[in-house]
Amino acid sequence: MDTKIPMPIHNILSHYIAVFHERIPNTLEGLYIHGSIALDAYIHESSDIDFVAIINRQLTEPEVKTLSKLHQELAVKYKKTGMDGCYLLLEDMGKADLHKRLYTIDGKVDWSDQVTNPITWWILKNKGITIIGQEIPSFDFEIDDRILVDYCLDNMNTYWLKRMKKNEKYKKIAFLFPKKMVDWEIQWSVSGMLRQFYTIKEHKVISKVGACEYAINHMPKKWHGLINEAISIRKGLNVRYCNSKKQRAIDTLEFMHYILDNCNANAPRESERKDN
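In this text, residue positions in the sequence shown follow this note's numbering: the first is 80, and each later residue adds one.
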């Protein structure tokens, strides 16, 4: 297995592959890793295993149940390391529009036509790790920078905007929430939005911690304490710039607004580019 795969992940993948071959033989033809592991940002017992698996045919209903049981078992055995990914056919690789395909998250298996996105394909093409199957460079697909940027802008103005509105409702009572919950929201929102900010500016994909480190050189100094706190939380450290949970929640929400406004002001959408 590739030396970039950390040993704990190596053990999980070896177990997964062996059991898959045993229970659904002659079906799994490729397994590729993207996400934090591929971006050299693995954090022990925190990072998930983000993967794309290639199967040579659609699974039967009994086989889907077998696959579901396998992922349930993995979720129980490896509680702190989830396997999040999808099961595609070879011809699906790199495609923007897919029919419904199997995916797994949190030990559950289901069908969706939204199992990949431009971020998935960019990481796979540029940083992905081959576990089994043909090597990634042999796949003939590219990710247009414009598609990558537009995807991130849409994500900012849908998922993240919705999350901002939700946080707005709770910021004044944040002091009532457990510290762990406030910590999680800070690292998730700050690092998640900064990752989009990085991609919109650089047309590349980076880890969440990497995006925070990048932002230190591209954001006003007033935000550095909050950004460094997000890094600290993600790394499992206990460094906080402020003890007030309410103030941290207010600052996080203000920062989220700042990033969203910055991205919308400096990255015109594809429809606007076509008009110029």
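Don't take each hint at face value.
To be verified - Calculated pairs, DSSO-like style, for lysine-lysine (alpha carbon to alpha carbon, straight line, at most 30 Å):
| no. | residue 1 | residue 2 |
| --- | --- | --- |
| 1 | Lys83 | Lys280 |
| 2 | Lys148 | Lys245 |
| 3 | Lys301 | Lys324 |
| 4 | Lys301 | Lys159 |
| 5 | Lys158 | Lys187 |
Calculated directly from the structure, the hints in this document are not laboratory data.
**Message:** Tell me if the straight-line CA distance from Lys301 to Lys324 falls inside 30 Å.
**Reply:** Satisfied, since the Cα-Cα distance of roughly 18 Å is no more than 30 Å.
**Prompt:** If you draw a straight line from the CA of Lys83 to the CA of Lys280, is it 30 Å or shorter?
**Reply:** It holds: about 27 Å lies between the C-alpha atoms, which stays within 30 Å.
**Prompt:** Holds or violated: are the alpha carbons of Lys148 and Lys245 at most 30 Å from each other?
**Reply:** With Cα atoms ~35 Å apart, Lys148 and Lys245 exceed 30 Å; violated.
**Prompt:** Within 30 Å, alpha carbon to alpha carbon, are Lys301 and Lys159?
**Reply:** Answer violated: Lys301 to Lys159 is near 34 Å, above 30 Å.
**Prompt:** Taken at face value, is the distance from the CA of Lys187 to the CA of Lys158 at most 30 Å?
**Reply:** holds (13 Å)
When each numbered hint is compared with the structure, violations occur for hints 2 and 4.
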